[in-house]
Amino acid sequence: MKIYIDNDYKCHISNDGTMREFDVPFFDGKCPEFIEGYRYIPPGERWVKPNGEFFRGEMISPWKDHNELWAAQAKYELAQYEAALTAIETALGVTS
Amino acid sequence: MYGRTNAGGGGNSPFAFIFATYPAGSVCTCADGSRTLKLKDTSGYGVFYPPNIGTWTVTATDGTDTASETVEITKEGENVSVELSYTLWLYKNGDQCVDVTGGWSNSNYVNGGVAYNPPTFAADNMQYTAISSKGTGVGTVNPINFKGKTTLHLEALAEAGLMYCSIVSTKNYTTPLTYIQLTTNNTKTEYTLDVSAIETDAYIFIFCGPSGKGNVYNVRLE
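Those protein sequence lines, which keep their order, are chains A and B.
Here the first sequence stands for residues 4 to 99, numbered as in the working numbering.
Here the second sequence stands for residues 2 to 223, numbered as in the working numbering.
Note that these hints are calculated values from the structure, not bench results.
Some clues are possibly wrong.
Stated by the list, open to error - Distance condition first, Cα-Cα at most 20 angstroms in a straight line; then the derived EDC-like pairs of lysine to aspartate or glutamate:
(1) K52(A) to E84(B)
(2) K67(A) to D33(B)
(3) K148(B) to E71(A)
(4) K52(A) to D202(B)
(5) K148(B) to D68(A)
(6) K148(B) to D100(B)
(7) K150(B) to E56(A)
(8) K214(B) to E56(A)
(9) K76(B) to D33(B)
(10) K189(B) to E71(A)
(11) K150(B) to E71(A)
(12) K52(A) to E223(B)
(13) K67(A) to E70(B)
Turn these sequences into a full structure, and let the hints steer you where they fit.
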């Protein structure tokens with residue numbers, strides 16, 4: 004999935020004109036809230052924290068509480084499932 | 002909230018400042034060899050007011066683990082920050098750190114429906130040599146508590162193919178919580194993985210794909 008990273012390697016689903024674009028399969032099927040809670044460090048690059056600690060790419064790690072991100076993703080998948088089920092029921096003329 | 006230390010010296014203004022962050026519940030001190038300052042509480046945050054220039058060592062201990070860092074105060078009014086954490090070894094040159102990890106095993110680890118063969122457990126490292134039809138991988142038998150930890154350190158050598166270190170919430174998974182891909186440079190390298198946003202129990206799983214080859218020497222959390 005195409006994502007965009009800012010100068011702090013945080014992921015975004017749209018480009019504000021300053022970001023770089025990457026195709027990252029890890030984010031396939033993931034909702035915007037999940038994606039935007041992660042950092043992506045491309046191969047060959049380094050993210051340096053303010054305390055000097057550095058992390059080499061390729062690395063993908065959450066910067067928001069991962070429990071919140073996964074809860075958002077679960078809610079998104081449930082909504083998708085319910086929408087698909089409704090579409091099927093409509094097509095079959097079935098009412099619940 | 003910061004606890005005030007024994008400031009020492011004269012005058013109303015502190016000579017210098019050392020801001021310390023350390024594991025809550027620990028005793029934290031700061032010493033230059035001739036004087037020792039101690040924070041009044043064990044909250045995990047505090048400020049030391051060193052009364053003179055010199056080399057000051059900040060130390061935290063909970064009675065079992067100890068961590069320390071040395072800083073230089075070179076002039077009046079200087080302020081420096083120190084962040085201390087305890088190292089949790091998960092694998093150390095052949096030692097599987099069973100008390101913490103329960104051992105390292107491929108048992109029950111499935112990634113997107115794919116299982117893995119185990120590596121060879123040599124005297125001082127885990128040797129990954131994957132066959133062409135199946136990857137090699139092991140993870141911790143026990144879940145590891147990541148609360149308060151910020152970085153996973155891995156010393157490894159990736160010789161061929163694709164090799165990864167991942168953190169997963171369950172052993173049978175499709176998407177890891179986080180991962181790093183090792184660089185296939187045939188060189189023993191220290192890798193770091195940011196785990197600061199993971200505050201629960203999770204497993205560490207290190208694997209390579211079919212025909213992959215490499216070695217894992219050390220794994221620790223800080």
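Going through the hints against the structure:
1. K52(A) to E84(B): The given pair, whose Cα atoms are some 13 angstroms apart, holds under the 20 angstroms limit.
2. K67(A) to D33(B): The hint is violated at about 39 angstroms.
3. K148(B) to E71(A): Answer holds: K148(B) to E71(A) is near 15 angstroms, not above 20 angstroms.
4. K52(A) to D202(B): Given pair K52(A), D202(B) is violated - Cα atoms ~24 angstroms apart, limit 20 angstroms.
5. K148(B) to D68(A): This hinted pair holds, its Cα atoms lying about 11 angstroms apart.
6. K148(B) to D100(B): holds (18 angstroms)
7. K150(B) to E56(A): holds (14 angstroms)
8. K214(B) to E56(A): Roughly 28 angstroms separates the two Cα atoms, so the pair is violated.
9. K76(B) to D33(B): Cα-Cα ~15 angstroms, so holds.
10. K189(B) to E71(A): violated (36 angstroms)
11. K150(B) to E71(A): Holds, at about 18 angstroms.
12. K52(A) to E223(B): holds (15 angstroms)
13. K67(A) to E70(B): violated (28 angstroms)
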